[in-house]
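Engineer: Residue-level listing of the chains:
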Amino acid sequence: MRTASRLLAFALPCLLPLTAAAQMTGNVLKIGILNDQSGLYADLGGQGSVTAAKMAAEEFGGKVNGVPIEVIFADHQNKPDIGSGIATKWYDVDGVDVIVDVPNSGVALAIAKLTADKNKVFIDSGAATSDLTGKACTPNTVHWTYDTWALANGTGKEVVRAGGKTWFFLTADYAFGKALERDTRAVVEANGGQVLGTVLHPLNTSDFSSFLLQAQASKANIIGLANAGGDTINSIKAASEFGIVSGGQKLAGLLVFISDVHSLGLKTAQGLQLTSSFYWDRDAKTRAWSEKFAARNGGKKPTMVQAGVYAGVLHYLKSVAALKADGDGKAVVEKMKALPTDDPLFGKGTIRADGRKIHPMYLYEVKKPSESKGPWDYYKLVKEIPAAEAFRPLAASECPLITKK
Amino acid sequence: MTTQALFSQLLIGLINGSFYALLSLGLAVIFGLLNVVNFCHGALYMLGALVAWYLLEHLGIGYWWALLISPLVVGLFGVVIERTMLRRLYGLDPLYGLLLTFGLALIIQGVARNYFGVSGEPYDIPSQLTGGKNLGFMFLPNYRAWVVAVSVVICSLTWFVVERTRVGAYLRAGTENSILVQAFGINVPRMLTLTYGAGVALAALAGVMAAPITRVSPLMGADLIIVVFAVVVIGGMGSIFGSIVTGFALGVIEGLTKVFYPEASNTVIFLIMAIVLLVKPAGLFGRTT
Numbered sequence: 081m082r083t084a085s086r087l088l089a090f091a092l093p094c095l096l097p098l099t100a101a102a103q104m105t106g107n108v109l110k111i112g113i114l115n116d117q118s119g120l121y122a123d124l125g126g127q128g129s130v131t132a133a134k135m136a137a138e139e140f141g142g143k144v145n146g147v148p149i150e151v152i153f154a155d156h157q158n159k160p161d162i163g164s165g166i167a168t169k170w171y172d173v174d175g176v177d178v179i180v181d182v183p184n185s186g187v188a189l190a191i192a193k194l195t196a197d198k199n200k201v202f203i204d205s206g207a208a209t210s211d212l213t214g215k216a217c218t219p220n221t222v223h224w225t226y227d228t229w230a231l232a233n234g235t236g237k238e239v240v241r242a243g244g245k246t247w248f249f250l251t252a253d254y255a256f257g258k259a260l261e262r263d264t265r266a267v268v269e270a271n272g273g274q275v276l277g278t279v280l281h282p283l284n285t286s287d288f289s290s291f292l293l294q295a296q297a298s299k300a301n302i303i304g305l306a307n308a309g310g311d312t313i314n315s316i317k318a319a320s321e322f323g324i325v326s327g328g329q330k331l332a333g334l335l336v337f338i339s340d341v342h343s344l345g346l347k348t349a350q351g352l353q354l355t356s357s358f359y360w361d362r363d364a365k366t367r368a369w370s371e372k373f374a375a376r377n378g379g380k381k382p383t384m385v386q387a388g389v390y391a392g393v394l395h396y397l398k399s400v401a402a403l404k405a406d407g408d409g410k411a412v413v414e415k416m417k418a419l420p421t422d423d424p425l426f427g428k429g430t431i432r433a434d435g436r437k438i439h440p441m442y443l444y445e446v447k448k449p450s451e452s453k454g455p456w457d458y459y460k461l462v463k464e465i466p467a468a469e470a471f472r473p474l475a476a477s478e479c480p481l482i483t484k485k
Numbered sequence: 014m015t016t017q018a019l020f021s022q023l024l025i026g027l028i029n030g031s032f033y034a035l036l037s038l039g040l041a042v043i044f045g046l047l048n049v050v051n052f053c054h055g056a057l058y059m060l061g062a063l064v065a066w067y068l069l070e071h072l073g074i075g076y077w078w079a080l081l082i083s084p085l086v087v088g089l090f091g092v093v094i095e096r097t098m099l100r101r102l103y104g105l106d107p108l109y110g111l112l113l114t115f116g117l118a119l120i121i122q123g124v125a126r127n128y129f130g131v132s133g134e135p136y137d138i139p140s141q142l143t144g145g146k147n148l149g150f151m152f153l154p155n156y157r158a159w160v161v162a163v164s165v166v167i168c169s170l171t172w173f174v175v176e177r178t179r180v181g182a183y184l185r186a187g188t189e190n191s192i193l194v195q196a197f198g199i200n201v202p203r204m205l206t207l208t209y210g211a212g213v214a215l216a217a218l219a220g221v222m223a224a225p226i227t228r229v230s231p232l233m234g235a236d237l238i239i240v241v242f243a244v245v246v247i248g249g250m251g252s253i254f255g256s257i258v259t260g261f262a263l264g265v266i267e268g269l270t271k272v273f274y275p276e277a278s279n280t281v282i283f284l285i286m287a288i289v290l291l292v293k294p295a296g297l298f299g300r301t302t
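So the protein lines, in turn, are chains Z and H.
The numbering used here puts the first residue of the first sequence at 81, with every later residue one more than the last.
The numbering used here puts the first residue of the second sequence at 14, with every later residue one more than the last.
In case anyone wonders, no lab produced these hints; they're calculated from the structure.
All values reported here derive from a predicted model rather than from experimental measurement.
A virtual CB, placed ideally from N, CA and C, is assigned to each residue, including glycine.
Any given hint could be a false lead.
Stretch-level coverage of chain Z by chain H, calculated; a stretch enters the list once three of its residues show a Cβ under 8 Å from a Cβ in chain H [as the list claims (entries may be wrong)]: (1) 220–233; (2) 303–314; (3) 334–348.
So the derived label-pair ranges between C-beta atoms look like this [unchecked claim]: (4) H:17 x Z:351: 23 to 31 Å; (5) H:166 x Z:448: 37 to 45 Å; (6) H:166 x Z:139: 54 to 62 Å; (7) H:293 x Z:269: 25 to 33 Å.
Working from the sequences, and respecting the hints, build out all of it.
Structural biologist: Take a look at the structure:
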């Protein structure tokens with residue numbers, strides 16, 4: 081009897097943490113930030129995304145359901161094979177529960193499939209392709225910040241309405257560029273515009289003058305830049321140098337991040353219209369958070385991708401806490417869809433059945449140097465696109481989760 | 014395709030070619046005279062641009078002075094590299110020099126990336142060279158015309174110094190048989206140090222020239238260096254004349270590829286390299302030893 085009670089006294093404390101974290105796999109919740117840490121997309125995500133995820137974890141008290149939260153990161157170098165390799169190791173060996181960010185649509189599509197196969201959770205912030213919630217949707221993916229459909233619907237529609245009827249595309253030659261061009265082309269044609277031509281350029285091109293001359297020769301009103309990051313910066317710089325804009329043609333940057341505008345400088349970037357789901361100076365809440373973020377990010381204000389990482393991780397943690405489990409990725413994502421979202425950066429919103437996070441989008445214009453009060457004071461609001469109109473309607477969805485129903 | 018468009022693409026190719034020529038020139042000088050495969054050339058090119066940006070942003074010194082100061086500063090940095098590290102590897106297999114300079118390139122780029130991020134900093138075209146001329150078939154920005162002119166002048170000057178002057182003769186003799194040249198009372202080690210410094214200064218000059226066109230970004234050299242190495246290999250390792258001609262020619266070929274099959278514009282140079290190496294292993298202008 082004495083031995084039995086001793087045994088019990090010894091065993092009970094060991095069991096305690098087990099009951100508290102009954103449904104948590106492993107003794108730590110691991111969040112893996114997988115993005116470009118060193119290449120052309122490193123400034124729009126990179127270490128900033130890691131910081132954003134850490135801020136979300138800290139806000140949650142560093143623990144969920146009694147287990148500590150750990151944030152790790154890796155560089156996918158914009159290569160789907162490297163990204164898949166890291167993700168496989170993370171899921172199989174390192175016990176990572178959720179992969180977040182993953183800019184570069186090519187890599188993101190690979191990770192989405194892998195995550196579904198392993199039944200984990202994938203919250204994408206950095207990638208653009210609308211296929212993530214379209215024909216490549218899975219029950220394990222949440223696409224948070226923006227997508228190509230929303231960008232086309234924002235910038236594309238507005239430019240056509242303002243009289244830009246004929247278009248020529250400079251398109252990054254991979255999944256993202258092609259998706260962005262496809263979605264924008266649809267918007268342009270639906271609104272009475274016409275596409276005169278397109279040229280596919282390799283990812284990470286340093287000289288765009290040759291492509292721009294082809295666009296110039298097409299005599300289109302609008303040169304649509306279906307590229308991102310360093311490629312967009314180089315296109316805009318070369319266009320200003322070769323007198324494309326002063327020659328009467330206009331540029332439409334279909335995906336422009338605040339880090340791009342910072343790098344271009346207002347003198348070159350002024351007047352450019354862009355669609356974004358987040359701007360640090362939108363209201364008191366975004367400003368307060370962005371100040372905290374900038375203090376930890378070398379003074380650089382957050383991009384929408386980094387904001388999306390923060391908000392996505394926060395909502396994930398809330399859902400895991402509500403579910404009291406993290407093992408079944410599909411169940412976690414279902415919980416994420418069931419719970420309404422609420423965070424200081426994107427406000428109140430929802431996650432739709434196809435994995436699409438729904439919130440308003442904003443059409444901004446880059447300020448003139450004379451209008452800006454200093455570094456990072458770059459955008460003025462042109463119009464808000466309400467949440468109900470900002471993203472592709474479910475009725476037009478190619479997502480098997482929707483069409484099967 | 015109209016002749017108009019063809020002309021404009023040829024001209025664009027020539028402009029890009031002048032960067033290839035300027036960069037491969039420094040590489041060819043260093044390899045030809047020191048037998049060092051200088052893999053940190055791209056990083057030093059980036060450093061040249063970064064120094065120009067720093068001069069403007071923090072000291073208010075503009076483009077024209079930067080053209081002079083930046084190559085001097087970076088050239089001096091090159092001298093330090095040569096004196097403290099590279100010099101110890103002269104007698105060894107060229108592979109060691111390649112590994113050392115490759116490591117240096119990674120360190121320089123990593124440090125710069127840590128401080129500046131990857132998006133880069135803006136650097137404006139100097140006011141004297143803004144605008145451009147309408148040539149009828151295309152709009153030629155003044156700055157690009159200036160780049161071509163400077164590149165042609167610098168390339169010819171370097172070729173002349175190395176191939177046609179007494180100093181150049183010493184240099185070439187020093188690499189053939191340094192003991193004999195030293196016996197004539199010439200300080201060969203110092204000559205090699207200065208040669209490396211000069212080669213590096215050429216990279217920095219190219220960097221300053223590129224700053225207003227591309228962004229001043231820590232990755233600007235890494236993006237370019239592989240292409241430039243291909244240029245040097247096609248031209249014949251160490252052949253100064255070869256690297257100049259190949260630099261311009263490949264710029265033009267790349268430009269034309271961007272029109273006829275843009276998807277291949279990143280690979281066409283390597284395709285040519287493979288073919289040239291199969292047919293003429295020493296490169297187009299290389300000497301087989």
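Engineer: Output the indices of the hints that this structure fails to meet, ascending.
Structural biologist: Checked against the structure, the hints that fail are numbers 1, 7, while the rest are satisfied.
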